[in-house]
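Each protein sequence line maps, in turn, to chains S and W. First residue of the first sequence: 1, per the numbering used here; consecutive thereafter. First residue of the second sequence: 1, per the numbering used here; consecutive thereafter.
Honestly, the hints are just simulated from the structure, not real lab data. Be a bit skeptical, because a hint or two may be false.
Treat identical chains as interchangeable: a pair holds within one or across any two.
Calculated cross-link-like contacts (lysine-lysine; reagent style DSS-like; alpha-carbon spacing at most 27 Å) [as the list claims (entries may be wrong)]:
(1) Lys127 to Lys35
(2) Lys35 to Lys97
(3) Lys24 to Lys97
(4) Lys137 to Lys166
Number of protein chains: 2
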Amino acid sequence: MNLPSRYLENCIHELSKLPGIGSKSASRIAFFLLKTPKANVDALIGAITQLKDNIRYCEECGGISDEAVCSVCSDVERDKTTLCVVEEPEDMLSIEKSGAFDGLYHVLGGVIAPLDGVGPEELSINKLVERCKSGIKEVIIATNPTIEGDATALYIASLLKPMNIKVMRIAHGLPVGGDLEFVDAPTLAKSITGRREM
Amino acid sequence: MNLPSRYLENCIHELSKLPGIGSKSASRIAFFLLKTPKANVDALIGAITQLKDNIRYCEECGGISDEAVCSVCSDVERDKTTLCVVEEPEDMLSIEKSGAFDGLYHVLGGVIAPLDGVGPEELSINKLVERCKSGIKEVIIATNPTIEGDATALYIASLLKPMNIKVMRIAHGLPVGGDLEFVDAPTLAKSITGRREM
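Chain S on its own, in the form it takes in the complex (with noise of 0.2 Å):
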């Protein structure tokens, strides 16, 4: 169907492109913006914006920061012999929601997967390594339970194993809440497999 303006068509095209939103969402936000007063979308605009041109990811471990050092990284009260590595800055988001980790991050900026061309260089394994031999004493690998995930974390531990640094990776198993009937086959594995004494 051709939709009688093209600015409207183009603007549900471009909405339609972001995670999550299909044409029909794409047009029901289209048209929330047309009735919406200037005022606001210019609000909405002027974030987006802001956010592009302002943002900067920390020196130090690779995370989204406002300050050439992020507040994690620049947190005197925060363990500076633990450091959490993980695949990308929305992680490191996640893990400081759940509260339950108060060392430092690294941020690897992806994950070794050699089909879509990314090999170790691509990632920050070299910086991991460098900032390491400085009173780090305790890595955890908390990429996430993929086959690519799982290499990066192989791949780490041997880097860092002979360096003499405990590396430890995060448990995997039922998450909280779940139900043993509905968890798929390979959870069940894992936390069959990464069974704790009680």
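Given chain S's structure and the hints, the job is docking chain W onto it.
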């Protein structure tokens, strides 16, 4: 939880004001925008800005248009004796998509809702009456089947019937592919009272 960047926080806040976007989706979109090449983000911003700055409402029907008169109103092949009255421009697009209507439209710009301070004067009802004076034989009222939509339909019918115009209401009943077992009671009641001879 405090995000490590106020730009990120502000962007998530603005995105979560969009319809159907909660804080999780907003966060996902913000991170997506962060990783997307600047040119793509500029294309999105440009599309929204153009939509906001350039879109017009058709002088005839009140629908969305790039020109003074929309493509439906200026189409010489459409039946100019039948008007379909809808609440919003997006309703017009939905009916166009169905392909079941070949006449012209009239967009009210809302429904009569005294509690929200919307009376008949706030809608384009006077203009509808004017349009009906020149050659309109049938008016199909396609406001939504809500209390306000039904009341608005009744009000419009009371104005147009004395003008010797055939005033119709779109049918309400079971949706195509629907299931008697799961349909709600008011819809089922409508489909019984609105039964047709086979």
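Now the hints, each set against the structure:
Taking identical chains as interchangeable, the C-alpha atoms of Lys127 and Lys35 lie at most 27 Å apart only when they sit on different chains, with a minimum of 21 Å there against 49 Å within one chain. For a Cα distance limit of 27 Å, the shortest separation of Lys35 from Lys97 across copies, 21 Å, qualifies, whereas the shortest one inside one copy, 35 Å, does not. For a Cα distance limit of 27 Å, the shortest separation of Lys24 from Lys97 across copies, 13 Å, qualifies, whereas the shortest one inside one copy, 32 Å, does not. For a Cα distance limit of 27 Å, the shortest separation of Lys137 from Lys166 inside one copy, 6 Å, qualifies, whereas the shortest one across copies, 84 Å, does not.
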